[in-house]
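Novice: In case you want the letters, here they are:
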Amino acid sequence: MDDTGNGKGETGIVIPAQYQPPLPLDRLLLPVGAEGAGDRTELDVLIVGAGPAGLACAIELAHLAQHERADLSIGVLEKAATLGEHSLSGAVVNPRSFRELFPDLKDADFPFRGPVQKERVALLTSRRAFTLPTPPTMHNAGNYVASLCEIVRWLGERAAALGVNVFTGFPAASLLVDGERVAGVRTAATGLDRAGRPLSNYLAPNDLVAKVTALAEGTRGSLAQAWLEWQAVTSENPQIFALGVKEIWETKRPLATIVHTLGWPVPSDAFGGSFMYPLEPNLVALGLVVGLDYRDAALDVHALLQRMKLHPLFRQYLEGGEMVEWGAKTIPEGGYYAVPARRSGDGIVILGDSAGFVDVPSLKGIHYAMQSGIFAARAILAGLQAGHASAARLAEYDRLVNESFIMKDLYRTRNMRLAFKDGFYAGGVKAALITLTGGRFPGGKIAMEPDAEVERRFTPASRPGPVTPDGRLTFSKVDAVFKSGNSTRDTIPIHLVVGKDVPAAVAEFYARMCPAGVYELAQGALRVNAPNCVDCKATDVLGPRWTPREGGSGPKYKRM
Amino acid sequence: MSHVLAVLEQRDGALRKVSHEVVTGARRLADALGGNVDALILAADAVRGADQLGRFGADQVITLTNAAFGVYAPEGYARAIAERVESGGYGAVVFAASATGKDLAPRVAARLGRPLAQEVTDLAVEAGAVTVIRPVYAGKALLKLKINGAPAVISLRPSVFTPVERPKAGTQESATAAVPAGRVVVRAIKAAEAGTLDVAEAPIVVSGGRGLKEPANFKVLEELAAAFAGRAAVGASRAVVDAGWRPHADQVGQTGKTVSPTLYVAVGISGAIQHLAGMRTSKVIVAINKDKDAPIFKVADYGIVGDLFEVVPKLTEEIKKQHG
Amino acid sequence: MKIAVCIKRVPDSETRVKIASDGKSLDEAGVKFILNPYDEFAVEEALRRKEKAGAGEVAVIALGPAAAQETIRTALAMGADRGILLQSDRIPPDGLEVAKALAVELKGAGFDLILFGKMAIDDYNHQVGPMVAELLDLPCVTTVAHLELEGGKGVAEREIEGGVEVVEFPLPAVLTTDKGLNEPRYPALKGIMAAKKKPLEVKPVSLPSGALEILALTPPAERKEGKIVGEGPAAVPELVRLLREEAKVL
Chain A
0 MDDTGNGKGE
10 TGIVIPAQYQ
20 PPLPLDRLLL
30 PVGAEGAGDR
40 TELDVLIVGA
50 GPAGLACAIE
60 LAHLAQHERA
70 DLSIGVLEKA
80 ATLGEHSLSG
90 AVVNPRSFRE
100 LFPDLKDADF
110 PFRGPVQKER
120 VALLTSRRAF
130 TLPTPPTMHN
140 AGNYVASLCE
150 IVRWLGERAA
160 ALGVNVFTGF
170 PAASLLVDGE
180 RVAGVRTAAT
190 GLDRAGRPLS
200 NYLAPNDLVA
210 KVTALAEGTR
220 GSLAQAWLEW
230 QAVTSENPQI
240 FALGVKEIWE
250 TKRPLATIVH
260 TLGWPVPSDA
270 FGGSFMYPLE
280 PNLVALGLVV
290 GLDYRDAALD
300 VHALLQRMKL
310 HPLFRQYLEG
320 GEMVEWGAKT
330 IPEGGYYAVP
340 ARRSGDGIVI
350 LGDSAGFVDV
360 PSLKGIHYAM
370 QSGIFAARAI
380 LAGLQAGHAS
390 AARLAEYDRL
400 VNESFIMKDL
410 YRTRNMRLAF
420 KDGFYAGGVK
430 AALITLTGGR
440 FPGGKIAMEP
450 DAEVERRFTP
460 ASRPGPVTPD
470 GRLTFSKVDA
480 VFKSGNSTRD
490 TIPIHLVVGK
500 DVPAAVAEFY
510 ARMCPAGVYE
520 LAQGALRVNA
530 PNCVDCKATD
540 VLGPRWTPRE
550 GGSGPKYKRM
Chain B
0 MSHVLAVLEQ
10 RDGALRKVSH
20 EVVTGARRLA
30 DALGGNVDAL
40 ILAADAVRGA
50 DQLGRFGADQ
60 VITLTNAAFG
70 VYAPEGYARA
80 IAERVESGGY
90 GAVVFAASAT
100 GKDLAPRVAA
110 RLGRPLAQEV
120 TDLAVEAGAV
130 TVIRPVYAGK
140 ALLKLKINGA
150 PAVISLRPSV
160 FTPVERPKAG
170 TQESATAAVP
180 AGRVVVRAIK
190 AAEAGTLDVA
200 EAPIVVSGGR
210 GLKEPANFKV
220 LEELAAAFAG
230 RAAVGASRAV
240 VDAGWRPHAD
250 QVGQTGKTVS
260 PTLYVAVGIS
270 GAIQHLAGMR
280 TSKVIVAINK
290 DKDAPIFKVA
300 DYGIVGDLFE
310 VVPKLTEEIK
320 KQHG
Chain C
0 MKIAVCIKRV
10 PDSETRVKIA
20 SDGKSLDEAG
30 VKFILNPYDE
40 FAVEEALRRK
50 EKAGAGEVAV
60 IALGPAAAQE
70 TIRTALAMGA
80 DRGILLQSDR
90 IPPDGLEVAK
100 ALAVELKGAG
110 FDLILFGKMA
120 IDDYNHQVGP
130 MVAELLDLPC
140 VTTVAHLELE
150 GGKGVAEREI
160 EGGVEVVEFP
170 LPAVLTTDKG
180 LNEPRYPALK
190 GIMAAKKKPL
200 EVKPVSLPSG
210 ALEILALTPP
220 AERKEGKIVG
230 EGPAAVPELV
240 RLLREEAKVL
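Protein chains in written order, with numbering that gives the first Met the number 0: chain A, 0 to 559; chain B, 0 to 323; chain C, 0 to 249.
If we strip away everything but chain A, and leave its shape as in the complex, we get (with noise of 0.2 Å):
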């Protein structure tokens, strides 16, 4: 089988559940004082992730402090090796947050590329496309089109003039916790083989320890889910996710609309669509975004991406341009069910994405994000003052969320995603009648199953194979890895917890799933190739459960 996916037609049922390995907890859980640590730093704030969630809480808890004149030492870990270098989305951005943090700049003065001007929203077939009356849900007038790696940027340049501590190439590999309280994180090592030997240039993991830690790890956040496991803390829906796999193009022909579509190239027993949004007029972002509780599993969300760029409607605008990125990443998309019961404990808050403030129908979490990432400043500033930060007292963040836009907006869209689990029809029907009263219909919560549950076939090869890529308009997982700038080196150690005996039906399911070629079926067994990796997380949803490894690898995304 070749990376683009050219499968044997592989027949049999799949459910990914049977060969996924549990989140290896005794790894993200440690205690406090646990050997195998070289520096030890403390902090009064530690937040994990510099996205937009974790980068808006120390922008805000710098702004606080200097305020109160009180004296915080706030550090942010990274992963990435720059600023950005792990940050994807599409994105169009509603600026209220941004307003909030920064209430003495005014709107051009924030990383925008410009405001939406024209939208459009379009349902596609294989040749044609059909415009659509934007559903209400996602009128863009008054926000914006931006890359999300320029406003982390922009934003690190921020925290960083307040006296943050920014410390890129440092993933969290673990939880330190001190009986039922999270004392910090331990960082992960860097410099060992394969076969975890330590090389010339070995760095001992550090520990951090503070008074309180923010998760904003983003999707699917290793430590996040460890937390929320350890303490049992539950949500009515299990969180569900999609795949988005996005290109960007510098165009010979100018857009000016940004770009919905439904339909095809996503089939129908999926939930999915593509955007595609100007940064400039000749410089297109475009993606697609499928539930990854599809039903087939032969689906390849990067080979479908290939297919749809080549519909006239995306071809018009590609066709003798160049492809300058690519990337990949998961979007927790269950909404308000899924959003865990609570989300802060005993020296612990969960920002962001990782706490599944994503609204689906309007594709917005980059605002609910920092807005998260500001209430949770507030919180641990007042935990602080008062001298401890408690789960009682950052309970507080919990309530200032709860009654916010941020969780009123979620519970309106409640069951708009999720009324798409019958397919496309089913369910272009039922989030009709949603929007039509207010949310009211269908009442209760639409129940979900984990993604990783959902039973997949192989189907005999009714549907469209996928296309042999031309190197021009279509590219190889291989090569688009190449343009996500990864240049993990070869012989670092799997960071993958692959499960035991997997089968070759299995193992063609992995490999059709993952957008960056790591999973392959070879002479009938699963061969890993770890280093392709770009942290978008669709494995340690569907597949092999992703752990952190040495900073610095991974995508080196520029505009994405």
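Don't read these hints as lab results, they were simulated from the structure. Among the hints, erroneous ones may be present.
Here are the simulated lysine-lysine pairs, BS3-like style, with alpha carbons at most 27 Å apart [what the hints assert, rightly or not]:
| # | chain 1 | residue 1 | chain 2 | residue 2 |
| --- | --- | --- | --- | --- |
| 1 | C | K1 | C | K197 |
| 2 | C | K197 | C | K51 |
| 3 | C | K1 | B | K139 |
| 4 | B | K256 | C | K178 |
| 5 | B | K320 | C | K226 |
| 6 | B | K139 | B | K167 |
| 7 | B | K145 | C | K23 |
| 8 | C | K226 | B | K212 |
| 9 | C | K51 | B | K143 |
We have chain A already, so just place chains B and C on it with the hints.
Specialist: Using the frame of chain A, we list chains B and C on its own:
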């Protein structure tokens, strides 16, 4: 009218082949400037091959001798050359951008108070001034520079200024260089280990990918490499290194080694961008693959579509005939 | 041991080269800048030599725009003691002008060793180190891949075609470093924190453009379209003929 001084290299009493390239480049420049080429050799004694330099365009060949000049003496050489340049009033001084040349040329330029255009791939004279082109950003762009004033100090990238017959007098002259050898002393030259030609150093690289099907089949490539009589190394794509067939030291590609040999033969390699990033500046690329749509054929100068197990042994046979 | 390391802020080698509208320079939009990789070997060597000597100082000096302070901080995070930025928005293409500015800063400062990376990965000039040595009248060895120092003298090994040159020199000296000299350390987290407090002096300088003038920066020539010579082993003799007579590589 402006004369050009070509600084040549000798080792163990014989001229190094790159010296012909230096004379060729100097000759081109001198013709454009309307002047002569003086070839300069620094040695302990007369050097073999000096009498051949007229063929490539040297009007005069000057051998500067000094007891300490048998091996490279950085400070002594720099001083002697700078004195020659000043006393000779040369309009340009040309070096090879070899290991020695890249070390020597900056010293001479600084002594003369002149800029250095290091490792150029082309030169010309435009409106009376010397202009050069040199690769920058790892060969991803070309920089064109104008050198104002005289002399222009330039080093030439090896294997670019292919020696051209331009017979001139090549009159032999000899003089002693009465300069101290200097504080930096070359004590010895250790020969490279025989048989372990590194992929990044070899003038010819024969690389294999998944098309080889099994590690044992790399023998077919080792035989082809051997046919080039010690000038070829065997490289590997990331896929076969990952599979454990070949050591990481042989890996060519973005996360392996970047190579720029004169000839790169890609066998059973599809041509992922990650691999191309490691070898695309090779002078000549040959691809052998049974898939006529393999992306490698778009980058290759020459390709053969076919079963490598049939094509490569035949190629080995033909190459052996070449070398006699 | 008192050691100076001259470093440069350069675009990441993964950079996709886009030429600016002036046709003479790199379009820096979206370009990531890093510490020149060859300079990392120099910083690492300096740190090791100071650690071995038990006492001393490692100073890093950069010539570049204000943003080069970040590059200096990277070296400080690795363990260097202090930094100096000779601040200039423009770096002239003439390496001799750069060398002169550095020499002014280095002269009379009493360094036992002055280290450079052998070349910068943007301009590939391979010259500033030995030029500084000439201006300061110091011994110099370039592209050092192995180094021994003992009592005021040093022995360096450097790669030449087909072999390794073993070179002796006295201290103080200027050395330029090559890959293989050492394995540069990653900055430790504590090092990153400490770097913020280490002294970093910024001195604005104004450099003459020198005698080299940039006329144009252009993309490389397109590789000529290749040809499929034929199919199967029957095509081999023709391939060999072309390699010999057309490509002239045999």
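Novice: Taking the hints in turn, state whether each one holds.
Specialist: To see whether the hints hold, each was checked on the structure:
1. C:K1 x C:K197: 17 Å, holds
2. C:K197 x C:K51: With a Cα-Cα distance of about 21 Å, the restraint between C:K197 and C:K51 holds, given a limit of 27 Å.
3. C:K1 x B:K139: Not satisfied, since the Cα-Cα distance of roughly 38 Å exceeds 27 Å.
4. B:K256 x C:K178: Judged against 27 Å, a Cα distance of about 12 Å means the pair holds.
5. B:K320 x C:K226: 24 Å, holds
6. B:K139 x B:K167: With a Cα-Cα distance of about 38 Å, the restraint between B:K139 and B:K167 is violated, given a limit of 27 Å.
7. B:K145 x C:K23: 12 Å, holds
8. C:K226 x B:K212: 26 Å, holds
9. C:K51 x B:K143: 45 Å, violated
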